[in-house]
Structures are given as C-alpha cells and as structure tokens.
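Given chain S, work out where chains R and Z should sit, using these hints.
Protein chains in written order, with this note's numbering: chain S, 1 to 363; chain R, 1 to 305; chain Z, 1 to 359.
Careful: at least some of the hints might be erroneous.
Far from chain S, some chain Z residues (derived; all Cβ distances over 12 Å) [what the hints assert, rightly or not]:
| no. | residue |
| --- | --- |
| 1 | D100 |
| 2 | K183 |
| 3 | D297 |
| 4 | E303 |
In silico DSS-like links for lysine-lysine, alpha-carbon gap of 30 Å or less [what the hints assert, rightly or not]:
| no. | chain 1 | residue 1 | chain 2 | residue 2 |
| --- | --- | --- | --- | --- |
| 5 | S | K321 | Z | K332 |
| 6 | S | K321 | Z | K56 |
| 7 | Z | K108 | S | K321 |
| 8 | Z | K56 | S | K40 |
| 9 | S | K321 | Z | K183 |
| 10 | Z | K313 | Z | K300 |
| 11 | S | K107 | Z | K355 |
| 12 | Z | K332 | Z | K183 |
| 13 | S | K107 | Z | K121 |
| 14 | Z | K300 | Z | K183 |
| 15 | Z | K299 | Z | K183 |
By construction, these hints were calculated from the structure, which means they are not laboratory data. Model, not experiment: these values are computed from the prediction. No residue lacks a Cβ here, since even glycine has one placed at the ideal position from N, Cα and C.
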Amino acid sequence: MQLVLEKRAERSRTIALVSPLIAIGLTLVTMSVLFALLGKNPITALGVYFIAPLTDGYSLQEIAVKATPLVMIAIGLSLCYLANAWNIGAEGQFLIGAVAGSWIAVKTQGTEAGHWVLPAMLLAGAAAGALYALIPALCRVKFGASEILTSLMLVYVADLLLDYLVRGPWRDPAGFNFPTTAEFDPVATVPLLIEGGRLHLGSIIALIVVICAFVLLDRTIKGFEIRVVGVAPRAARFGGFNANQLVLVTFAISGALAGLAGIIEVAGPIGHLQPGISPGYGFTAIIVAFLGRLNPVGILIAGLFLALTFIGGEQAQITMKIPLDVTKVFQGILLFYVLACDSLILYRFKLVFAARQVQSGAG
Amino acid sequence: MVLVEAIILSVLAASTPLLLAATGELVTERAGVLNLGVEGMMIVGAACGFGGAWLSGSIVVGALCGIIAGMLMSLIFAFMTLGLAVNQVATGLALTIFGIGLSGLIGARFVGERINTAPHLSVPGLSDIPLVGRILFGEDAFVYLSLALIVAVWWFLYRTRAGLVLRACGDNHISAHALGYPVLRIRMLAVLFGGACAGLAGAYLPLAYTPFFIPGMTAGRGWIALALVVFASWRPGRLVIGAYLFGAVTILQLHAQGAGVGIPSQFMSALPYLATVIVLVLLSRARTGGSTAPAALGTVFVPDR
Amino acid sequence: MMKRLLGAAAALLLAGSIAGVAHAADKLKVGFIYLGPIGDLGWTYQHELARQALVKEFGDKIETTYLENVPEGPDSERAIEQLVRAGNKLIFTTSFGYMDPTLKVAKKYPNVHFEHATGYKRDKNMSTYSARWYQGRYIQGQIAAKMSKAGVLGYIGSFPIPEVVSGINATMLGAQSINPNIKVKIIWVNTWFDPGKEADAAKALLDQGADIIMQHTDSPAPMQVAAERGKLAFGQDSEMIKFGPKAQLTSILDTWAPYYISRVKAELDGTWKSEDTWGGLDSKMFEMAPYTNMPDDVKKMAEETQAAITAGKLHPFKCPVVGQDGKEVECKGGDHLADGQILGMNFYVKGVDDKLPGK
Numbered sequence: 001m002q003l004v005l006e007k008r009a010e011r012s013r014t015i016a017l018v019s020p021l022i023a024i025g026l027t028l029v030t031m032s033v034l035f036a037l038l039g040k041n042p043i044t045a046l047g048v049y050f051i052a053p054l055t056d057g058y059s060l061q062e063i064a065v066k067a068t069p070l071v072m073i074a075i076g077l078s079l080c081y082l083a084n085a086w087n088i089g090a091e092g093q094f095l096i097g098a099v100a101g102s103w104i105a106v107k108t109q110g111t112e113a114g115h116w117v118l119p120a121m122l123l124a125g126a127a128a129g130a131l132y133a134l135i136p137a138l139c140r141v142k143f144g145a146s147e148i149l150t151s152l153m154l155v156y157v158a159d160l161l162l163d164y165l166v167r168g169p170w171r172d173p174a175g176f177n178f179p180t181t182a183e184f185d186p187v188a189t190v191p192l193l194i195e196g197g198r199l200h201l202g203s204i205i206a207l208i209v210v211i212c213a214f215v216l217l218d219r220t221i222k223g224f225e226i227r228v229v230g231v232a233p234r235a236a237r238f239g240g241f242n243a244n245q246l247v248l249v250t251f252a253i254s255g256a257l258a259g260l261a262g263i264i265e266v267a268g269p270i271g272h273l274q275p276g277i278s279p280g281y282g283f284t285a286i287i288v289a290f291l292g293r294l295n296p297v298g299i300l301i302a303g304l305f306l307a308l309t310f311i312g313g314e315q316a317q318i319t320m321k322i323p324l325d326v327t328k329v330f331q332g333i334l335l336f337y338v339l340a341c342d343s344l345i346l347y348r349f350k351l352v353f354a355a356r357q358v359q360s361g362a363g
Numbered sequence: 001m002v003l004v005e006a007i008i009l010s011v012l013a014a015s016t017p018l019l020l021a022a023t024g025e026l027v028t029e030r031a032g033v034l035n036l037g038v039e040g041m042m043i044v045g046a047a048c049g050f051g052g053a054w055l056s057g058s059i060v061v062g063a064l065c066g067i068i069a070g071m072l073m074s075l076i077f078a079f080m081t082l083g084l085a086v087n088q089v090a091t092g093l094a095l096t097i098f099g100i101g102l103s104g105l106i107g108a109r110f111v112g113e114r115i116n117t118a119p120h121l122s123v124p125g126l127s128d129i130p131l132v133g134r135i136l137f138g139e140d141a142f143v144y145l146s147l148a149l150i151v152a153v154w155w156f157l158y159r160t161r162a163g164l165v166l167r168a169c170g171d172n173h174i175s176a177h178a179l180g181y182p183v184l185r186i187r188m189l190a191v192l193f194g195g196a197c198a199g200l201a202g203a204y205l206p207l208a209y210t211p212f213f214i215p216g217m218t219a220g221r222g223w224i225a226l227a228l229v230v231f232a233s234w235r236p237g238r239l240v241i242g243a244y245l246f247g248a249v250t251i252l253q254l255h256a257q258g259a260g261v262g263i264p265s266q267f268m269s270a271l272p273y274l275a276t277v278i279v280l281v282l283l284s285r286a287r288t289g290g291s292t293a294p295a296a297l298g299t300v301f302v303p304d305r
Numbered sequence: 001m002m003k004r005l006l007g008a009a010a011a012l013l014l015a016g017s018i019a020g021v022a023h024a025a026d027k028l029k030v031g032f033i034y035l036g037p038i039g040d041l042g043w044t045y046q047h048e049l050a051r052q053a054l055v056k057e058f059g060d061k062i063e064t065t066y067l068e069n070v071p072e073g074p075d076s077e078r079a080i081e082q083l084v085r086a087g088n089k090l091i092f093t094t095s096f097g098y099m100d101p102t103l104k105v106a107k108k109y110p111n112v113h114f115e116h117a118t119g120y121k122r123d124k125n126m127s128t129y130s131a132r133w134y135q136g137r138y139i140q141g142q143i144a145a146k147m148s149k150a151g152v153l154g155y156i157g158s159f160p161i162p163e164v165v166s167g168i169n170a171t172m173l174g175a176q177s178i179n180p181n182i183k184v185k186i187i188w189v190n191t192w193f194d195p196g197k198e199a200d201a202a203k204a205l206l207d208q209g210a211d212i213i214m215q216h217t218d219s220p221a222p223m224q225v226a227a228e229r230g231k232l233a234f235g236q237d238s239e240m241i242k243f244g245p246k247a248q249l250t251s252i253l254d255t256w257a258p259y260y261i262s263r264v265k266a267e268l269d270g271t272w273k274s275e276d277t278w279g280g281l282d283s284k285m286f287e288m289a290p291y292t293n294m295p296d297d298v299k300k301m302a303e304e305t306q307a308a309i310t311a312g313k314l315h316p317f318k319c320p321v322v323g324q325d326g327k328e329v330e331c332k333g334g335d336h337l338a339d340g341q342i343l344g345m346n347f348y349v350k351g352v353d354d355k356l357p358g359k
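So here's chain S without its partners, still in its complex pose (with noise of 0.2 Å):
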C-alpha cells in the first residue's frame, strides 16, 4: 500500500476554502486526545484555547497587537518567497530597524524636538531594515553566497549590537545602568488608538501593507514579475525580466517591512529598546507567510490566527494549569496539519495498493 499524490490539472477552490477547516477538525481530534491524557477535560480546554479569547474586546485588542508585527513581516517575507529569494533573516532586520529608529529616539530625548521625531523613527527603521537585508541579497547578486545562511547569520550579529548599544552607550543614565534606554519622549512613541488599550497606529499601518501588497501582486506588471520569476526562472529570462535586480527589490522590501516592525514594536508596545524586543516575531513570520499560503489576505488571517493560539496558550497556563509546552506541541501539530491539508489544493491523495511500477521517460 502506498499513498501517491496525483496533480490537479487547476488549483481546487473548494479545497482552498475547506482545507483550513479539515485541519482544524484533526487538530481538535489530537488536541482532544492529548489533553485527555494529561487529564484535562478536552472540550473546556479548547474553549480556552479557541473561543474565549474571541470573545472579549480585551483579547482581541491583543490578538491584533501580537499579529502586527507578526503580519508586516510576513508579507515582505512573502513577496521575496514568491521572487525565489529566501530571506531567512527577517529577525535580524527587525532588530536593526529598532535600533536605527531608536537611535533617533535617544539622541532627541529631553529635546524640543516636535512631531516630526516619530515618522523620521519610522522611516529610518525601514531604510536600516532594508539596507540590512541588502547586505545578503547583494552578497547573493555579487558573488553567488546563499542568502539563507548570510541572512540567518546577521540575525546573531543584530542581536548582539542592539545588546551591546543598551549595555554600553544608550543606556539610561538614570537607569542604574541596567540595560535599557530611557523611556521614549511621547512624540517618539506610537499613538494609541483606544485610551488605556494596547491597540496602536501599528495595527493599522500593517492593514495598509496588506492591502499595497495585494494591489501590487495582483495590478501591477512589478508584481507579475514578482510570480513569474518564482513560478518560472526561465520563462522570466526570456521575458527579459531581470532575475537579480528582483532579488535584490524584495529583500528590500521585506527589510524595510521587518525594520517598520521592529521600530513600531519598540516605539509602541515596548516604549524603549532593550535586549530581546522579539521573541522571534522573524521566525514566526516565515510560518505566518506559508500558513497564508504567500497570500496577502491569507498572511491577515493567518497571523491573526497565529496570535489566537499564543493568547489562548497562556489563558490556558492561567485557567487550567496547562503547562506552555503543551501550547507548543499544540501549535506544531496545527501547522502540521494545515500545511498537510494545503497540501490538498494542489494534489490529490490516492492510496495505491498495486506494487508499484517503475516510471520511464522524463515527466
């Protein structure tokens, strides 16, 4: 017996809409099971997981704050994943793009600075983001190094300047040198939209992301490009499209989302910079970008999701002493799952019991 997939001749778009609702389903099954094991009642706790937290403004104030960052990242993530051109270091884009708008935070602070401080924050956390992301790209373009790994890598190096400017020269004189800057002056800090929420402009910036994404993937002969070369390396060629100059476009792109995110993290939620600002909002991307299935819209939904499950994970440490651990298992087996029943859109599973034949000639 031997399961075989099968190409569809066109992408099934019933399957687009209910592959997300089979996994699911399994999800709940396993989940089911497992907290039965570890004694817990399974209906409750997945109450916790999935319904309570969508069922009060407060959680889905944070459900939005959490899927922000989570969201503009994967969609620069995803064009470059489209283009071919793997950017693996979206964390350490957002990390220089904290610290490049930061450094206008601190150098303004207890300035008469006006409200220009903040978009200037903004725009230098996007352009350090997207040099950042130039630097792998070019080393790709120029010299044919892998951008998986020289990305990967200068998330490391990211990480220990931002740690090395918070310990050494920004630190807040008035902190007893503890690892901080200063709180950020209010024209550094990211408005709020609701009093005493946590909601702020972020949220709506990454809206307007998601929509210039959709409009240039689907309107604009940049975006085609985009897909072409992706779908069709060689098709693009003739096509005179340039494979490079591509490369080197998205990552910026993607950079300039990554560093937005990390400055907007920083001016809005956080309110100053310090070590570790992301608890790998540029990993979580990546999974956020495939879970959308490179999909604008898709990428929405899936961050929001994403952030359901982490809010819902602690209501369940909270409520009913779920330990975090099984909150990860959890969501591994979710993306499992999904990613699996994506899987469905483009093939069918046909389980063969015949032995199987040995193919010829080139498919």
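Positioned in the frame of chain S, the structure of chains R and Z alone reads:
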C-alpha cells in the same frame, strides 16, 4: 603547550554536536531536501537521550534513544514534505516549534536528575603521550564517532553508486526519476539519516557535554549546524573544517576574555557569525570547481503518473 | 464611520474589562510571571519553590497561578495583564525586564498589588524586592582566596549589569582581605543560561590557570566541569551540590519563601503597602548552602564572616573602596558605600585585571 592542548580538547568537545548534526543535514540536503527542523530534532534527541540513559543507566542506551527520537521526528518531516509535498521551509520551522514543546513535556520528569558522563577513552600508554595523546586517544567516543561518520559519509557520497544516486536526486530529481530511481524513497532515507544524526547530536549534550537535562539546552546549536552545511558548500571535508573553525572561534573568544583582551564581548561573540558570512562570500567567489548548492534543494518533487 | 467603529470597540473593551475584574473570588489569587521554565534548576526554579511554599503555608486561603517562559519583551505586559484579568490580586513579576510592563499594568489597575523583583521603579501599588547577594559573594571571595592554590579565581559573568559587577567587586574585596595579591579572570558569556557555553567558559578559565570557578549564570554546568576536573566551585541560585559533591564549596541560595509568605500574609490582613525591600542575610532573603569541601578553619572563618555580616558588623563595601584607577570611591553611605552606589555599580575595584564592558 598544555594550554594549547586544553584549548584543542575544548574545541573538539564544543564542535562535536555541531559536526554530528551538520553531517546528517548535509546528507539530507545532498538528496535535495532542506530540513530546517534540526534544532527541534536535536532538543527532542537531548530529552530522550537523557531519559534513556537515566532510566537504563547506560550511555549507549541513551544515545540509541536519542537517535530513535531524532528519526521519529524526521519521519514526521518526511511524511509531510515527501509524502504530501508540503513546503519544506515551513514544515522544518513547525518541526522546531513542535520539538521544543515535546522535549519539554518528555523532559519534565528528568529535570534535576544527573547521570555520569560518557567515559573518556583511555588507551594505556597512548593516551599519555604529551600534547597529542589525549586528543587522539583520550576523548569520549562521540568525538571519534563523529569523525568516523563524516569520513563514512564522504566515502558514501563520492565512492559508492548509492551515493551517486543520492546526489543525482539532489541535483535533478526529474532526471533521476526518469532513470528509474525511486527519488522519494532515497530522499526519505536521507531525511531519516539526518534525523538520526540530529538526535545523536542532541543526545551528546546531556550524555557527554553537560550531563543533565534542562529545557532549551540546545540553545540554537541546530541553527548553527544548518549554517555549517551551507558554509561547507555541501562538502564533507569543508564541513569538518567549518565545524572545528566555528568551535575554535567560540572557545578562543572565551580564552581571549579570560586573558583580558579588552574588546566588547558582544563583538567577540559576533565573530563566528561574521566569519561565516565572510568565508562564505570568499568561497562562493572563488568557486574553484567546487560544488555549490544541490540544484533541486528545497523543491518539491511529485512523480508524474 | 471610523470614529463610530472605534467608539463601539471601546465600549466593547470597557465591558470586557469590567467583566474581567468582577470575577474576583473569595480566595486570594496570587499570580507569578516566570522568565524561564520552572525546571531551569536556577532562577525560575527557586521562585517556583517559593510559590509551592506559599501553597503549603496558606492552603485553601489562596490560589496561585503562574505563567512560565514569558520573554522580557512586548509579551510580558500582556502576560501580566492576563493574570490581572484572571482575578489575581497580588502578582509577582520575577525578572528585571518586567519592570516597565509591570509599572504600566500597575497604573492601569490601581486595586491590584504588584511585586517586582530586582527593579527600581515603584508605585503606590507596586513594590520591589531584591536580595543583597553581594554579601554572600564577599564570603565566597574569602573562601576562594583561602582555598585557591594558584591564587587565580575564574569568574563566569552573564551580563555586566550592576548586580553582577557588584558581585565581582564584593568577591574581590573578600578575597583581598585574605590574599591581597589574588587575581580574577572574568569571562562574559552574554547569556543567563546556555549550559554548553557556560561549560566552555569554565573549561577556558581552568585551562588558563584558575582553580576556583565562580559563576553568575544559572545552570549547573560550570559546577560539573569543576567537579570533573577535580577543582572547586561555587553554586548559583540553587543548591548544586548534586552536580559536584566534591566540588561545591557553598552556593548562594535564593530563598524567596519567607518574603513571599510575609507579603501574602499582609495582603490577606489588608496591610499590604508599597515597599522597597532589599534584604540581606539578616532578613533571610538569601541563604548560604552548607560550607562543604573545605577544612574546618576555612569553614569557621566563613561562618564568622557570615555572622558578622548578618549582625551588621561587617559591610563588604566598607570605605575606603578603591577603584580600578587607584582613586578612592566617594563614600556616600557613612562608613560604607551607599545602597544607590551598589545598586548602580559601574566600576571595578582595584585588583580586577579586566576592562568593564561598555565603559
């Protein structure tokens, strides 16, 4: 001279888990599969390896448990990416998240326990030779095993027909398929080998390096192993150099600090990563007939019917 | 339109938050935010032990909850607020990096009491607590100087924050009181927790001639390396003698239980108020593990020093304290350095042959 010997010994120990994990990933990638879940497989290998050794009292049993755990993890990956043609990057990352959680659950009951470390070899007479004795004859078995393994992998890839077929699958799966080779089955074996190596590398940490289990004890070594494979441009010889170079820079920066070299420690810590980027650029530039990435790396293959 | 939408959302939020607060149960709910996994054998583990002690002490009167592995970034504010909304009335946030998030949440929920470990920002409903670990380091310095044959100590630093720097200085002052020519080699590993790296650092220090290992990182790996090499070491945070039965001289044990019990008691009695607690040996904010693997005379000396510090007769930073540059440090605390100077310590004392990172 004693200090030099001591440094070399530390470098050997620090490099061994990297070399083990990278060896497995090298074979996997040579077959055309990119498994980014090394960190996840390693940490599960660490938890199961320690658990096995603690329950049985035997390092060998522990190592076997680590290997089996790594293989089971990689089986998930193989099923997803080869069986269901799912994107490899996303699956690998999901495997890491899953592995970190799973290792925490498995390891919870072993936290705080301790075992005896894997014994170091002792060959009467030979292990006492000054300078080289301990290096050549006095380390734990994993160190030599990792070197034997990479030699075996080199021999397999370049000197056997099966190795040639495996490389063919990685370079052009369509042609390999056309020639009648079972691409998916070969890739699955390569992925399983990668899982076994990652599991063993993970088990090395609690069995020989720091003999206790703590959640998250792999501390990113799986990612470094991945980087090393690319750094080595997928060649076993360069992989050994890369692993030991990385280990050496890590250890030497600690020694430089202890000796009072006044450079910010963050810059020293960043050195291995910067060195990797620079060496990679130089290697890619020179590219003296050396192989670069397997052409089909990371791409999905579904045999036509 | 946008405005109306926002208004509706705000109303929804308000309703949500009222509902969340209204769920207060009869039992006092006490929440904890942990940095690491509860099984880290170090920092978080000690807080978890104290939480268990609370449960034992108060039984049915309280209900405790914890969130583990909460990173010190943007997630921590949400985690703290989640605990508030789950009805916790007293919340311990157990790492320095939670300072600003705790403060933000504290301002938002004036009726909930917060306890933040090792920070310096306070509010009406937010206390801080920490321990004078440098006292223990001074004792360790004396023991190390007595026990070291080479006269060289190996010190594994995590990050050059004042707590760690003051630990190094106290160690050196203690050691110098025994052997003025004592040397210390310092390696910063830039992590609180990476067993492999900590082991590598310990090996490097031993290879360079140090024969006593002191650590300000959390895992027992350095202790094991010392044990394997037949050298001596000091534990950190928790009892580590299991990992080096023949190596551990003593260990600084974070014993949060007495403090936690007193704070919960105050909360139950309705006498809780915001305080700044920086307790030492006298108030049992930390303890020294039994003095082991040393001759009786060294043990006696250590016990005497401990008694003197506990009684307030000996201050590790008694003036004059001479800095690395040979200049005397301004004495702001009478006959010893002021607490503020120790809390913000950013210099090495004379005799430390190293450059302080970031200076």
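Quick rundown of the hints versus the structure:
1. D100: Non-interface label on D100/Z violated, nearest chain S Cβ at 6 Å vs cutoff 12 Å.
2. K183: The assertion about K183/Z holds, with a minimum of 25 Å to chain S.
3. D297: It holds; D297/Z is separated from chain S by about 38 Å at its closest Cβ, greater than 12 Å.
4. E303: At roughly 32 Å from the nearest Cβ of chain S, E303/Z sits farther out than 12 Å, so the non-interface label holds.
5. K321/S to K332/Z: violated, 48 Å
6. K321/S to K56/Z: Since the Cα atoms of K321/S and K56/Z sit roughly 18 Å apart, the hinted pair holds (cutoff 30 Å).
7. K108/Z to K321/S: holds, 26 Å
8. K56/Z to K40/S: Roughly 24 Å between the alpha carbons, so the hint for K56/Z and K40/S holds.
9. K321/S to K183/Z: violated, 49 Å
10. K313/Z to K300/Z: holds, 17 Å
11. K107/S to K355/Z: holds, 27 Å
12. K332/Z to K183/Z: holds, 28 Å
13. K107/S to K121/Z: Holds, at about 23 Å.
14. K300/Z to K183/Z: holds, 24 Å
15. K299/Z to K183/Z: Satisfied, since the Cα-Cα distance of roughly 22 Å is no more than 30 Å.
Of the numbered hints given earlier, the model fails hints 1, 5, 9; all others are met.
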